[in-house]
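*Asks:* Okay, so the sequence shown: first residue is 1 according to our numbering, each after it adds one.
It cannot be assumed that every hint is accurate.
Simulated restraints, written as ranges between beta carbons of each label pair [what the hints assert, rightly or not]:
no. : residue 1 : residue 2 : range
1   : Thr-103   : Glu-141   : 14 to 22 Å
2   : Ser-176   : Asp-132   : 45 to 53 Å
3   : Phe-64    : Glu-119   : 15 to 23 Å
Calculated from the structure, these hints are not laboratory results. Glycine residues also receive a C-beta, built at the ideal position from the N, C-alpha and C atoms.
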Amino acid sequence: MTDEELFWDPIAALPDGEPEASFGGRWEDRLWLNVPGPFYTGIADNCWTGRLHAPRHVLYGGEFLGEYVYRQPATATEVLSLAEAAQNDPYCGYACDGDSRWTPEAVRDWWHDRAQVTEYLAALLPEWSSSDIPEEQEAAEGLRDFSAYISSGLAVDLRRYLFRLEEGYYPGISRSLPDL
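Put together the whole structure using the sequences plus the hints.
*Replies:* See below:
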């Protein structure tokens, strides 16, 4: 792993003028479905625009089917796609201060309670999969992707994020990761 990968900071990959311009979400409004990491949403647009810009990172859910971040960006290109989703949110409900909000205990609690998330996704999937509305059918793909990610991949990503929270940088390949 290169120093660039090791010390990569997703927030540093935001365009000039961000986060001030588009990231006004509040931690207190954070939707429970957001995956732990630097990016999350509070009260975000429910017009289903997020997946147009960041389909591998944004889904819709909660009481008002608002946008939320289900996969944290891992590259500068992915950060830019999430920033574009934030820029198109008229409520400025996206936020990028998760590193100063999430604690290792809170990340572990989220992971411990992930069954609530998978149950929520499983309940919504039949409705969206059989819908005649193209946006719901497309969002069903996101539900399937998020479910698969929870089953394989998210645990390692969260362990890497725990390392970042505890040590201040992402771990190299040879580093042991904290337990969830």
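*Asks:* Does each hint fit the structure? Answer for all of them.
*Replies:* The hints, checked one at a time:
no. : hint                          : verdict
1   : Thr-103 - Glu-141: 14 to 22 Å : violated, 32 Å
2   : Ser-176 - Asp-132: 45 to 53 Å : holds, 50 Å
3   : Phe-64 - Glu-119: 15 to 23 Å  : holds, 19 Å
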